[in-house]
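Top line first, the protein sequences correspond to chains U and S. The opening residue of the first sequence carries number 1 in our numbering; numbering runs sequentially from there. The opening residue of the second sequence carries number 1 in our numbering; numbering runs sequentially from there.
Note that these hints are calculated values from the structure, not bench results. A few of these clues could be false.
[Stated by the list, open to error] Below, a list of computed lysine to aspartate or glutamate pairs in the EDC-like style, where the Cα atoms sit at most 20 angstroms apart:
| no. | chain 1 | residue 1 | chain 2 | residue 2 |
| --- | --- | --- | --- | --- |
| 1 | U | Lys125 | S | Glu316 |
| 2 | S | Lys301 | U | Glu267 |
| 3 | U | Lys59 | S | Glu316 |
| 4 | S | Lys213 | S | Glu234 |
| 5 | U | Lys3 | S | Asp267 |
| 6 | U | Lys125 | S | Glu234 |
[Said to hold, decoys possible] Partial chain S-side listing against chain U, Cβ under 7 angstroms, derived:
| no. | residue |
| --- | --- |
| 7 | Val11 |
| 8 | Val264 |
| 9 | Lys301 |
| 10 | Phe322 |
Ideal placement from N, C-alpha and C gives every residue a C-beta, glycine not left out.
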Amino acid sequence: MIKPDDLATLHIHRLIFHDVPKRMRGLEAAPVLSEIEATLDADRIAHLKRRLVRVLGSKSGYDIQFRPESQSPVPELIRDYTKGKQRPDEFVPLSQKFAQFLFEQQTGSSSSGVLSIMDTTVTGKRGIVVLKLEREEGAQLELSTKKGKRTFEMSVLDNLVLTEGTRLFKAALFVRTGPGGDDFSSGACDSQRPFGSTDELAQFWLRFLGCKLIEEPRVATKKFFEAALLYVNDAITDPVEKTKVYDHVMSEMSSEKKTFAPRTFIEEYVPKAHRESFESFLKEQQVSLKQFPLDTSEFVGRLRRRSYHTAKGAEVRVPEEEADIVRVAEDSIVIADTVTRVDHK
Amino acid sequence: MSRSDLEQARVSWLADEASFREFGQLVKSGLEAEIKRLGIKAEVSMRTKDIDSLIKKLILKPEHTYESLGDKVGIRAVVRYQREVDEIVASMPSVCGCSEPDDTRQRLADEKDERVGYISIHLDTWLKDDHSLLAQFPKTKYRAEVQVRTLAQHLWSEISHDTSYKSRTKIRKDLKRRIHLLAGLIEVADNEFSRIDDDMSKMPDMAEFMILKALERQYYKLSARPGNTDLSLEVIRHLWQLYEQSPEQVSMRFGVLLDEKQAVLQDVFDQMTKTSKGRSAFFFQPEILLIYDQLQSQPYKLREHWSERFPPEELEMVATAFGHSFA
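Same shape as in the complex, but just chain U:
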């Protein structure tokens, strides 16, 4: 899981660009590969890092992990490169392999782009950043030669990465946390197509990376929903507050929003006195506080409510899927359930 402290301590040591066009039927194309890494100054590194934080730390950033059944060579390349000591001489060939694979994948509606690979550390732990920037078809990137080797001019960085207006980023950060093949903290972001979308293009970046979201959206949503209800029932004693928070949970879960951010929910809807303990409770229940795609498919029946209003002002609300516990006659309403609590407003 990538945390703000990880992004804060991200250091970029090497960087390289490759121009990766789209493969089009009948047309010959090939990636233009740099042969040496780019030379960076402190200001550009700092600026580049800020852009990365803004995308990887944004609401569109998700925790990811390697997908065991993936055909992508990316996980193995990352595992191998981050193992042991830094090997600067292997950086350029590694990045070229990424570019070559991206070129093979870039067909159909996926667009041409500039691929940047960065050799990084996060609090001393080895890491790799993969960044794809969209560029207009036909736009020329300036190539130059240094010591007889091809490389892209810094104008690529200035024009495509460091321009505040550039929004079209696909980014990923992998940080090695241990010697094992899956000992990584990883996060990814696609600012064009949130991973929550189900269409093919939204999955392109994850498929290229050979990764999947750490938690299926339906699982993350259900875990939050259940933990939140448990907390509301057991920890909030004031009946007015209890009802308010409960209603907010139901309303947010039933909304048309594509994504849900527990931390924002806490700040907006949980009474101040409960914020810290609610957050701790969610952590105890292994509920991620980061944003996840909202998917209520696992408990959609529990969100629907049927309400009964009586002539004397009583109100009975039951989950739609438990509606058969209510028996309504001409002058009575009977609920076949056990009373667990009575609130006085």
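Given the structure of chain U, go ahead and fit chain S onto it with the hints provided.
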């Protein structure tokens, strides 16, 4: 001292000065690191004696030879309060080998000593026995004089340097009395600065001062760069109530925060030192720790509250430096 001895001293110093400078830099770095660890705001400087001063001193102090002359390297730390002088002096043995402090308070109390003036503490220092560069800078040759002073003591020292206050020559009694009075005045000022500082940070209606003091104590462990106090107080006044705790409770948070996050914070401070482009003007301010703390716990409330008074772009820059994104 003969003319040939002085000439030899000149030749020796021209040959030795560079290595003494290197040695002085080592001791200075160690002292700066210790002052940072203590969380004290200080100006630390180092100089090697210029050749003319060295020769003049040998002429004035014929009991010394080139080798025995003590302050070829001088390192000075100037702090705000006397208690900070005492803290630094007490921790000097952890930085380097050092003599007992030469405290002029004791010397001035000696009735037989004719000199008058104000207090100042000096220590003779050398590399510790386990220092990796001891062979290059043996303690028999490489010594530095470390002075630790308050600003008021520094004022006295700077003025008296060009006068005869420090002279061993007998001074007329009425003049001596006036110098004593002046020195006393400065000592009173020093004591009052400390007392006012203590009192201000304890007054219940001056919460922002209390919190600023607590923030400074931790901030100077990360950076020696002073902030703008007016801005600090304005930011603290505006933000501290986000905690919904008493000023005492808020003040206690920052020590814990630094214990837990010092490595991360130091890393970010080091990065921010390297570039000024895209760095918020609010970064090198003690209250940056309060902002970081709030970013960790309630970033959106912080942004909402912040934007009522300060430019949101500045918070965005601070947030990005600490790995947070509002996007």
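Q: Report the numbers of all earlier hints that the structure fails to satisfy, in ascending order.
A: 1, 6 and 7
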